[in-house]
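2 protein chains.
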Amino acid sequence: MTDFSDVVGSGLDAQNLRAVLLQVGHERYHNRHPYHRRMVEGAMSKAELQAWALNRYCYQEAIPRKDAIILSHAEDPAFRAVWRQRIEDHDGKDGRSGGIARWLHLATSLGLLPEEVKSQRLALPATRFAVEAYVNFCASHTLLEAVASSLTELFSPDIIAERVPALLARYDFVTTDALAYFDRRPDQAARDSEFALDYVLRHADTAERQQKVVNSLVFKCDVLWAMLDALDYAYGREGMVPPGCFRPEAIR
Amino acid sequence: MTDFSDVVGSGLDAQNLRAVLLQVGHERYHNRHPYHRRMVEGAMSKAELQAWALNRYCYQEAIPRKDAIILSHAEDPAFRAVWRQRIEDHDGKDGRSGGIARWLHLATSLGLLPEEVKSQRLALPATRFAVEAYVNFCASHTLLEAVASSLTELFSPDIIAERVPALLARYDFVTTDALAYFDRRPDQAARDSEFALDYVLRHADTAERQQKVVNSLVFKCDVLWAMLDALDYAYGREGMVPPGCFRPEAIR
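Going down the list, the sequences are from chains A and B. Each residue of the first sequence is one higher than the last, beginning at 534 in the working numbering. Each residue of the second sequence is one higher than the last, beginning at 534 in the working numbering.
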């Protein structure tokens, strides 16, 4: 496994920096996590999928707030005009028809109550801490680092392309309608990550900034990985649900 | 298990609020966590104890910063004069002889290198997120809530009284000298938590404030519990060490 904490040496050209960022994703993106592997292998209980949808909602809900922080740090109206689109994608034109609403639909299609999802009261503390760490990262770091932390989207079309057909083929209670969230995400993620990668490659113009960009993407992979660690511990093989958290019907 | 999110009704007298706070600890303090249970039962590998010491260092290191935030929110010099003692306990008179230094001594006595502990580079992301959530909680909530979140110290003398003899009796590589950190903590924690509990009982003078102090203690129990969840998942029975984290000799 690569030690990414010291990979840029005296500096890289754009092509090599791009290669390092792709390597971070190759080694650390959560498509390698056992929770995801079991999901696409069809080995999960409905309870595990419910727990995933319920906890992941906390992440979805935070993304537009994270993007608003990035907007607030951006001084270029042209940058803001592009980045603003992300908030609209998640919130929808009217605040009720975007990605967050579609994620809620996924959760309720799996049998959860809208209020228990939206309140986030039953989510794992570790989920809330990881999401909060991501939002705070964007608030407390440079615009360049915040943009770099969004680059996990480079890898999201691939994980969606693996997840959606597997969910439909291997779980008879999962419907195409339930997965509507994923219809638009690959195109949105490809568009967004292309813009973000271009921005990062142009602005990471010193070795120090390049290392920071790499660290930011590693950090973001850690956030996503930690969320699946917590799910796997709580709802996976051992089933160690922390006090006060969502307890699926099966073990209520 | 009690739902502590709605326990104060129209308000409690001091005695009953105290009883609720003790009940939170009884149900949710991390002495009930399987990682702690296995530790005191003598069932842990040295690697698991190393991982515990290395990760818990992140928490120890953050405590005086958390207490400085509380100081910064306190307007009463008499309150600050008492609370300041906590920082001195952890940092020592000279910055090198307090609780943090003694925790580092515990970690190195277990065979870790001082630099790998102090850098926190090999700690679990979930540990760092939980500790950051605790520091941010104290920064973003009222003084009363921050003080209430420290009340896990009410329960710490008991867990130490269980942990220290068990470590000495059941692990031949653990020495009395290594555990010097724990010599002073029970008295310090008893003194500190008595002050904090008195403060909370006097200032939580509405039902709303009482519910907030209960929530604050639940939150803090969640922080400590989540830290052990992450350790158990990474180094316990399954051994799912996340990318880039501490890998004990046994599985390097």
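A portion of the hints provided could be inaccurate.
[To be verified] Selected chain A positions facing chain B (in silico; Cβ < 8 Å):
1) M534
2) C591
3) R654
4) E665
5) Y704
6) D765
No wet-lab data here; the hints were simulated from the structure. Model, not experiment: these values are computed from the prediction. Each residue gets a CB set at the ideal place from its N, CA and C atoms; glycine is no exception.
Could you check if Y704(A) really has its C-beta closer than 8 Å to a C-beta on chain B? violated, 24 Å
Exercise for the section: With a cut-off of 8 Å on the beta carbons, see whether C591(A) makes it to chain B. Expected result: violated, 13 Å
**Item:** Hint check: 8 Å Cβ-Cβ cutoff, D765(A) to chain B
**Value:** Cβ of D765(A) sits 7 Å from chain B, so the hint holds.
Note to self: Using the nearest Cβ pair, does R654(A) come within less than 8 Å of chain B?
What the structure shows: holds, 7 Å
- Task: Against chain B, run the beta carbon of E665(A) and see if the smallest gap drops under 8 Å.
- Result: holds, 6 Å
Open item on the list: Holds or violated: the hint that M534(A) contacts chain B, with Cβ atoms closer than 8 Å.
Closed with: holds, 6 Å
Violated hints for the displayed structure, listed by number in ascending order: 2 and 5.
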